[in-house]
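2 protein chains.
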Amino acid sequence: MVNINKNFNNLSDGYLFANIARLIQEAKQKKPKLSILNLGIGDVTIPLSPIISDAISQATKELTNAKTHRGYGPSCGFDFLKEAISSNDYINLNIDKDEIFISLGAKDDISNIQELFDSNNKIGVSDPTYPVYIDSNIMAGKTDITLLPCNEENNFQIQPPNIPLDIIYLCSPNNPTGVSLTKETLEKWVKYAKDNDSIIIYDAAYEAFITSSAPHSIYEIENSKDVAIEIKSFSKKAGFTSLRCGYTVIPKNIKINSQELNKLWVRRCETKSGGASYPIQKGALSLYSEEGKKQTDQIIKTYQKQTSILKLGMEKKGFKVYGGIDSPYIWCKTLNNINSWDFFKMLLEKFNVVTMPGSGFGKQGDHFIRISGFTPLDIIYQMLDRINL
Amino acid sequence: MVNINKNFNNLSDGYLFANIARLIQEAKQKKPKLSILNLGIGDVTIPLSPIISDAISQATKELTNAKTHRGYGPSCGFDFLKEAISSNDYINLNIDKDEIFISLGAKDDISNIQELFDSNNKIGVSDPTYPVYIDSNIMAGKTDITLLPCNEENNFQIQPPNIPLDIIYLCSPNNPTGVSLTKETLEKWVKYAKDNDSIIIYDAAYEAFITSSAPHSIYEIENSKDVAIEIKSFSKKAGFTSLRCGYTVIPKNIKINSQELNKLWVRRCETKSGGASYPIQKGALSLYSEEGKKQTDQIIKTYQKQTSILKLGMEKKGFKVYGGIDSPYIWCKTLNNINSWDFFKMLLEKFNVVTMPGSGFGKQGDHFIRISGFTPLDIIYQMLDRINL
Numbered sequence: 001m002v003n004i005n006k007n008f009n010n011l012s013d014g015y016l017f018a019n020i021a022r023l024i025q026e027a028k029q030k031k032p033k034l035s036i037l038n039l040g041i042g043d044v045t046i047p048l049s050p051i052i053s054d055a056i057s058q059a060t061k062e063l064t065n066a067k068t069h070r071g072y073g074p075s076c077g078f079d080f081l082k083e084a085i086s087s088n089d090y091i092n093l094n095i096d097k098d099e100i101f102i103s104l105g106a107k108d109d110i111s112n113i114q115e116l117f118d119s120n121n122k123i124g125v126s127d128p129t130y131p132v133y134i135d136s137n138i139m140a141g142k143t144d145i146t147l148l149p150c151n152e153e154n155n156f157q158i159q160p161p162n163i164p165l166d167i168i169y170l171c172s173p174n175n176p177t178g179v180s181l182t183k184e185t186l187e188k189w190v191k192y193a194k195d196n197d198s199i200i201i202y203d204a205a206y207e208a209f210i211t212s213s214a215p216h217s218i219y220e221i222e223n224s225k226d227v228a229i230e231i232k233s234f235s236k237k238a239g240f241t242s243l244r245c246g247y248t249v250i251p252k253n254i255k256i257n258s259q260e261l262n263k264l265w266v267r268r269c270e271t272k273s274g275g276a277s278y279p280i281q282k283g284a285l286s287l288y289s290e291e292g293k294k295q296t297d298q299i300i301k302t303y304q305k306q307t308s309i310l311k312l313g314m315e316k317k318g319f320k321v322y323g324g325i326d327s328p329y330i331w332c333k334t335l336n337n338i339n340s341w342d343f344f345k346m347l348l349e350k351f352n353v354v355t356m357p358g359s360g361f362g363k364q365g366d367h368f369i370r371i372s373g374f375t376p377l378d379i380i381y382q383m384l385d386r387i388n389l
Numbered sequence: 001m002v003n004i005n006k007n008f009n010n011l012s013d014g015y016l017f018a019n020i021a022r023l024i025q026e027a028k029q030k031k032p033k034l035s036i037l038n039l040g041i042g043d044v045t046i047p048l049s050p051i052i053s054d055a056i057s058q059a060t061k062e063l064t065n066a067k068t069h070r071g072y073g074p075s076c077g078f079d080f081l082k083e084a085i086s087s088n089d090y091i092n093l094n095i096d097k098d099e100i101f102i103s104l105g106a107k108d109d110i111s112n113i114q115e116l117f118d119s120n121n122k123i124g125v126s127d128p129t130y131p132v133y134i135d136s137n138i139m140a141g142k143t144d145i146t147l148l149p150c151n152e153e154n155n156f157q158i159q160p161p162n163i164p165l166d167i168i169y170l171c172s173p174n175n176p177t178g179v180s181l182t183k184e185t186l187e188k189w190v191k192y193a194k195d196n197d198s199i200i201i202y203d204a205a206y207e208a209f210i211t212s213s214a215p216h217s218i219y220e221i222e223n224s225k226d227v228a229i230e231i232k233s234f235s236k237k238a239g240f241t242s243l244r245c246g247y248t249v250i251p252k253n254i255k256i257n258s259q260e261l262n263k264l265w266v267r268r269c270e271t272k273s274g275g276a277s278y279p280i281q282k283g284a285l286s287l288y289s290e291e292g293k294k295q296t297d298q299i300i301k302t303y304q305k306q307t308s309i310l311k312l313g314m315e316k317k318g319f320k321v322y323g324g325i326d327s328p329y330i331w332c333k334t335l336n337n338i339n340s341w342d343f344f345k346m347l348l349e350k351f352n353v354v355t356m357p358g359s360g361f362g363k364q365g366d367h368f369i370r371i372s373g374f375t376p377l378d379i380i381y382q383m384l385d386r387i388n389l
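Keeping their order, the protein sequence lines are chains B and D. Sequential numbering from 1 applies to the first sequence in our numbering. Sequential numbering from 1 applies to the second sequence in our numbering.
FYI, nobody ran anything at the bench for these hints, they're computed from the structure. Ideal Cβ placement from N, Cα and C applies to all residues, glycine included. It cannot be assumed that every hint is accurate.
Here are the in silico distance ranges between beta carbons for each label pair [stated by the list, open to error]:
1) D:K183 to B:P164: 56 to 62 Å
2) D:F17 to B:N3: 30 to 36 Å
3) D:K183 to B:E270: 33 to 39 Å
4) B:T143 to D:E83: 37 to 43 Å
5) B:K252 to D:N10: 48 to 54 Å
Dumping the calculated BS3-like pairs for lysine-lysine here, alpha-carbon to alpha-carbon at most 27 Å [unchecked claim]:
6) B:K263 to D:K142
7) B:K97 to D:K272
8) D:K6 to B:K255
9) D:K293 to B:K142
10) B:K67 to D:K293
11) D:K301 to B:K67
12) B:K142 to D:K142
13) D:K194 to B:K6
14) D:K122 to B:K6
15) D:K345 to D:K31
16) B:K67 to D:K122
17) B:K6 to D:K31
18) B:K272 to D:K97
19) D:K293 to B:K305
20) D:K255 to B:K142
Work out the full structure: start from the sequences and follow the hints.
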């Protein structure tokens, strides 16, 4: 008789978003005349740049012509895109194109990367955290997970612990706190990983939003190429959430018992995936043209402006606000020590305003809410106008 | 210290294609004036239908408009595509849209589907076989794999064994043999699965090429909705190999210890994937329009014609040929009992003709070569002209 993967039963209820959706429905019914202002979601709101759309259309049209038609693409991604990433995103950092793997989006690779590792490894994850780091490991029976606090006490700089961990997930700029890890913090982590023969999985999906002096890539840190995998996304900076494309860097330097991690990932991708869509990869390539850079910069600046108005507005109301400088998220402390869920519900019930309860991302996220600067300015102003506590 | 996933070391050398590529290079050097005729690959050769290209362009353009812009799509796929699949591909078979999951291509889901199951299951795979069934399981530490012969003795009708197996991969029309499983064979398998509480993973990627009375879907077989997952592809029938989109059906009827497999897969997709690209799903939708069906039919007919000319041509040369009736592949017995590799090398060295050695797909594939009917007609004629044994 067939047995299912019992690890599914160890997942916590996947109903954070479903719960929130239900509460939004209730709020709508209670105040049918007042619009719902949704500042909870982390999805993009600015339309796709025309240059990307044109590139995708042109690449698709190529496929209709017998001379330029293409079949299967390379499972690890097309060289044209890897070369553009290497020479633009890793200028002076010497990341070779064969160290870059085009993905179907950062979420997919963040979930899949654990396949490289044995189930006996000790895993470290920040608390609060993007839940995929934990859930993807639990589903694979990898349950030895240590939560590392990321809170006001350590200035949201998750610190290496006194115990050895084998795999550490770092997210910078952090989702949900919106705070980047400093160069100093990252140096500590790279040293820790070297000392303990551990691997860092570095999620830099929000890197494009950094305005402080925080590193944009972990490869700015000395020796990091021996220990760190970096995962990046086109989703947030270029509106790719519906297009699905990102990339993962696995330096050839990383060797475990003389096995190159890079080669294992090549084998994994070639065996298990057909890679990302050709026209979508051509769309991603267009981001690296002069016009593409200009259009992307404009989008990022708009989100940054929205986030800064949101941050200032909340501060003026007396809130203690973190994040929002290197990230489109602000991490806002609740008033009067109210817990996340109660505060979230109060904002929803009183003002029809949706945020994200911080404790949904982990215990250390309690007494915070995450508010999204992806929200269009008119909604932000309406929200600031409505909230009177 | 971090440990890698040791299961990678249990994979057989992944160099079948690399080996072939090297031999092709050598052949080129030996006969630089004679072109290489490649009938080995199973990739599509007819350009993409204009209707698909137009649909993708239009959907991408939508994303550039503030009113029609979209962010994250549903991880399990858009309803518009699931509904089209349900009402077209499962006409009279009552497959609900929520039983359909849009994938990033059949290969990706074939690889990922094993995540639903425990590592202690006994797995059955045909020999010869599409290697992904085996490799994806081995990488996940699922190594209890029984090979079930699929050969001339059983008319390429893989038969249920006398021992209980928990998970069985069936591929019909089969890659590499090109032969479909008959209704009678499938009925035996569904009965076997019911009797043994096993699950059938049914790969129907080549279903559109069937011209015999073989079932197009396993759901044509009574009781199959209790035991069978079906995986399908837009790759071969509609030239989607470079676009990446397919679908997987998991009926709600399938319950293991009262857990619905369908719900587990929803959880898996939502946790680990951002789903397929929106414009690509719109491209797939266009296949179900009247014009889309017409253009797709035309493509399939062209491949079928090529395959039938290939089959007849080889038969006229005295080869015993299987397949080619329900599939774009013919499975051609070598002459004089020569083994696959020697025969493959001989065709390459003497005539600069590339085929696929059958033993590359498993021991039972020895003494056969696979020849692809995706090959354009002028290449097929040249090949038939060149081969004189």
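Going down the list of hints, with the structure as the test:
no.	hint	result
1	D:K183 to B:P164: 56 to 62 Å	holds (59 Å)
2	D:F17 to B:N3: 30 to 36 Å	holds (34 Å)
3	D:K183 to B:E270: 33 to 39 Å	holds (36 Å)
4	B:T143 to D:E83: 37 to 43 Å	holds (39 Å)
5	B:K252 to D:N10: 48 to 54 Å	violated (23 Å)
6	B:K263 to D:K142	holds (21 Å)
7	B:K97 to D:K272	holds (26 Å)
8	D:K6 to B:K255	holds (14 Å)
9	D:K293 to B:K142	violated (46 Å)
10	B:K67 to D:K293	holds (24 Å)
11	D:K301 to B:K67	holds (21 Å)
12	B:K142 to D:K142	holds (16 Å)
13	D:K194 to B:K6	holds (22 Å)
14	D:K122 to B:K6	holds (16 Å)
15	D:K345 to D:K31	holds (14 Å)
16	B:K67 to D:K122	violated (47 Å)
17	B:K6 to D:K31	violated (57 Å)
18	B:K272 to D:K97	holds (26 Å)
19	D:K293 to B:K305	violated (48 Å)
20	D:K255 to B:K142	holds (25 Å)
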